Structure formats: C-alpha cells, structure tokens
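Chemist: Chain residues, written in single-letter form:
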Amino acid sequence: MGSAREPSWLLWDTVLPMLTLSAYIYVYKMMNAPREFTGFVIVGGAMIAFWLNVLWDMAAQLYWEKETGNLEPFLMAPISRMAMLMGMAIGGVFNTTLRALGIFIVGALVFHVEFLIGDPAAAALVFVLALASLYSLGMVFASVFLMYGREAWHTSHLLQEPIYFLSGFYFPVKFLPFWLQVAASAIPVTFGLDAIRQILILGAGLREVSLHVVALAAFSLVLLFMARWMLRYMEDHGRKEGRLTLRWQ
Amino acid sequence: MRALDDVSISIRKGELFGLLGPNGAGKTTLIKILCTLLLPSSGSAYVRGHDVIKEANHVRKIINMVTGGETPGYGILTVAENLWFFSQLYGIRGDVAKQRVKDLLETVGLSDESTTRMNRLSSGMKQRLNVARGFINDPEVLFLDEPTLGLDVLSAKHIRGYVRNWVNTQPEKTVLLTTHYMAEADELCDRVGIIHEGRIVACDKPSSLKTMVRDKSVFQFEIAGSSDYERLKAVKGVVGLSWTHHIESDMSTLKVVLSEQAAASEIESTLRASGSKILSITTPEPTLEDVFIHLVGKGLE
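Quick note, the sequences are listed as chains A and B, same order. Under my numbering, the first residue of the first sequence carries the number 1, and numbering increases by one thereafter. Under my numbering, the first residue of the second sequence carries the number 250, and numbering increases by one thereafter.
Here chain A stands alone, though its shape is the one from the complex:
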C-alpha cells in the first residue's frame, strides 16, 4: 500500500541501482570478460535488493516500530511474534520482488543479457529457498534489533559491504581464494546467488545445483528455529531489562 501511495521508489530503487551495476558491467567489458559476466552482475544487482531489504527493513523493522511507538501495541497484542515477523517478511518479499524485477528487466534490456533457462522449476525452487534462508536470517537480526537498537544498527552497517563482497554480488565467488570461499559459504545468499546464476545464465539444471538446494534448505530451517528461539529470548530479556519500551537507546 505504501509503495502504491509513494511511487517515487520506482526511481530510487530501480533506476539508481543501475548506475552501480553499469559501472561493474563496463569494467568487465573493458577487461573483455566473458559475456555471461553481464548477466551475473544483473542477477547480483537484483539479489542485492533482497539483501538490503533484509538488512535495513526486515531486521530493523522492530527497531523502527519501537521508535515510532508501534512496538508496545504490537507486543501487547495476543499474536505470535513469529507470525508478526513472517507477515513483515512476506510484505518485504512482495515489495522487494517488484524492485528486483525492475532492476532485472531494465538491466537485461539495456545490456542485452542472454538467458539460458533450462529448468524454470529449479530456478523457482532455488529462488524460494534463497529468499526463505535470507528472510530467516532477517528474523534473527530483527530479534537482535528488538533488544539492542542502535548497537544493532552499527552491526548492520558493518555487515553490508563485507556481505556484498563475500557473497559475490558482482562476481562469481569461485574467483575468491579458498579460505574466503569457506567464509562465504557461511552466508546463505552466496549459495542462492550462485545457484540462480548457474540456472539462469549458464543453463544448469536441478542436478548441478543440488548441493546449493540442500545448503539453502538447511540454512532456512536452522535460521528459522534460531529466529524463534532468539525472539523469545530477546523479548524475555527485554522485558526484564525494560529495553522493549526504551527508545533512542
């Protein structure tokens, strides 16, 4: 509803990210990198929209609700905290999918990206699992923000760029040194991004990305349970320390 009433996001969230993506694409072109690298960057750019949504909207949602006075009515209501976060996640996925699609379509048209989608079902499965793991991670962050607010805000700042780098938003992670690849494998979006690129740009099928699928499913499950536990713990802890109602901390 917010997006429909304030359509300026179309410019900020679709056209502006294209500037960064264009810079990478032109650098690759200048270096005579393989043609598929343009596709990699566009897919990475679309997925960045989800990462930013998770990091700044999903994770910080409860923090903002606290600062604007909404958190108290939320926490006083007899609703499941997980259901509340799920609702926020679904809203975030819907809005961000529109943004990501915008980036994807504009990028693909402007830079003439060639897609070799051999297995659309595998692409859909990987996309859903990638979002499930990413938004589960967002729920874990949300519980941290619930308790720590400003400190969590700094942590998010700290995470933004390293994750861009390690997850390979602008290049395939196989070019990273081994130990960095190991570190990158601790981030769910790395698997999602790599699998989606393989399916959409390189024409891979479910068999080639089966390891990615297993990893993403495992991430989703573990992070979802972790979010549930953390949320309960942080809420209890926050009630004890009076932090749930403490603003501008």
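No lab work stands behind these hints, which were simulated from the structure alone. From a predicted model like this one, the values you see are computed outputs, not experimental measurements. Heads up, some of the hints might be wrong.
Each pair of labels, with its calculated beta carbon distance range [as the list claims (entries may be wrong)]:
id	chain 1	residue 1	chain 2	residue 2	range
1	B	ASP344	A	THR155	43 to 49 Å
2	B	ASP344	A	TRP229	35 to 41 Å
3	A	ARG5	B	GLN337	16 to 22 Å
4	B	LYS303	A	TRP229	42 to 48 Å
5	A	ALA183	B	GLN337	48 to 54 Å
6	B	ASN306	A	GLU241	16 to 22 Å
7	A	LYS240	B	GLY524	50 to 56 Å
8	B	GLU497	A	TRP12	44 to 50 Å
9	B	GLY318	A	THR155	26 to 32 Å
10	B	GLY298	A	SER80	22 to 28 Å
11	B	VAL402	A	LEU98	44 to 50 Å
Beta carbons: idealized from backbone N, C-alpha and C, even for Gly.
Based on these hints, arrange chain B on the given structure of chain A.
Modeler: Using the frame of chain A, we list chain B on its own:
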C-alpha cells in the same frame, strides 16, 4: 534505582481506578508491568486472575493500553485503515472490525477524517485516534496512561466522558488510569491511589482521601512575581506546600497545608518581610492536591 517499591494494590472489577502522582513516580512502570511489557524484578501481578509473568498471553487477550502523547500507527495509512490494522492484531472478524472502526471514529469525533492519512492529522486528532485504538478490541481491562495529555480542554472532557460512560454502562469493564491532573482523577475515578517515589502512599475514594486534610487548614496565596517558597517549610505548623508561577500574568499561586491555622499569619508576615506582594489569601475547598501535599510535603508539579 527502584521504580516501584513494595506496591500492593487491588483493583475491583468494574472499577475506574486512578493512579495519581508526579512525573517519575512509577505510574507508567506499574502500567507496563500489568500490560506485560515489563517484568517486575520481584513480586507478582495479576490481571483478572492471570499472572502477568507466566500467563502473559492470557492477559494480552483481555487488555489494551492508551498512552498519552503517542501516535501508534502508520502515517501513510488513513485513519480508518490504521484502526482496522490494529483490530487485526486481535483477530477481530472483518465485518465486526469494520463496524467497530466506524463506531469508534464516531465516538472520538473523527468520522469526517476516516479517509485522511494519519500523517495529516493534528496532534489532538492523533491522540483521539490513539484513544479509539485502545478500545478496538473491546478490552475487559483498559490501561490509560495520561490519556488526555496534549488534548485541548473540550477534547479531554469528551474523552473523560466517554471513558466514564464506558465503565458505567458495562459493569464488567475495568479501567486503570494514571494521571498527574488532579481534577481528572477527582472527576473520573471511583478510587484513587496516590503514588510517590514508587510507593502507594494512600488509596481510597477521592472524597475519603480529602477527609485526610479536613482537620488541616489549606490556604492559597496569590502573589505578584515569583520566588522560591521552599523556605516557608521551616515555619512551624506547615505540613507541606506547592506553588505555581503563571508566566503570562507573572503571578504565583502558593498553596500551603497547615496543621494549625495560626501558622497562616506567620507565613503572611514572612512573605511580606521578604518583599512579596500578596494579592489575595483564600481558603479553598480541599482537593486531591492538598492530600498529596499533606502526604508528601510538596505538590504534584
């Protein structure tokens, strides 16, 4: 620091109970514990027999809270959409919620603004919307934390009237109201608890509380200009005092509670001796503020 210290109160079903105290007395802390937003470091609290620590979810089903000066909701949503949104946190059926939103907006005088975005409302209108939100789940127990804060006189009166009527017409409903407006507590509440530095120092019907100062003398001095009148506490017979400086008229109202009437003339001579120009001296009817001054030695302001 202890926000609440050895507080023990019991509020009856169907009662409109007021908690009167100055800022920082512990009123909001008590309400937040009862609303399951805070855990007490020790002791226990129950709402309709449900433990707020162990049965928080049971408590949440039957309560709601309105905090003065707050504007929960989303600026981009309309007034009606915001109320509908909050109704859904309680799982209220769509048609019931729609009707309730309509009725509540009529009650708080916001029917004409139902399609206005919340960010375009005035502060007073936002507060009225906030009050409507508190009634959206038709709670059994309603907590009102300074609900008329920031409202103009007429709007505040309207809200008070609605709350009083809500309890009168539905005897199963209970309201706990915190305020630092004495008139509000006096006019609205069946019983009032006076809270000071985390302790309940008195609790009774407003009329019964006022009998505490029946044998005391209350004098009100209108004085030109302002000064620190704290030194008058040293006068023999002074139980407590409070004063307010009215900036617009540059006048001060000094209220003193005396254990013996004779002390008034000593206060008068002390004031004159210090150069204060006394404009009038009256002996007003005892108020809850006098009770507060009597109990803690200073006023609510």
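Chemist: The structure should be examined with respect to each hint, and the outcome stated for every one.
Modeler: Each hint tested on the structure:
1. B:ASP344 with A:THR155: 43 to 49 Å: 45 Å, holds
2. B:ASP344 with A:TRP229: 35 to 41 Å: 38 Å, holds
3. A:ARG5 with B:GLN337: 16 to 22 Å: 19 Å, holds
4. B:LYS303 with A:TRP229: 42 to 48 Å: Violated - the Cβ-Cβ distance for B:LYS303 and A:TRP229, about 19 Å, lies outside 42 to 48 Å.
5. A:ALA183 with B:GLN337: 48 to 54 Å: 42 Å, violated
6. B:ASN306 with A:GLU241: 16 to 22 Å: Holds: the Cβ-Cβ distance is about 21 Å, inside 16 to 22 Å.
7. A:LYS240 with B:GLY524: 50 to 56 Å: For A:LYS240 and B:GLY524 the Cβ distance comes to about 54 Å; the hint holds.
8. B:GLU497 with A:TRP12: 44 to 50 Å: Given range 44 to 50 Å: holds, Cβ gap about 48 Å.
9. B:GLY318 with A:THR155: 26 to 32 Å: 31 Å, holds
10. B:GLY298 with A:SER80: 22 to 28 Å: 23 Å, holds
11. B:VAL402 with A:LEU98: 44 to 50 Å: Given a distance of about 48 Å, which is inside 44 to 50 Å, the answer is holds.
Hints 4 and 5, counting from the list given before, are not met by this structure.
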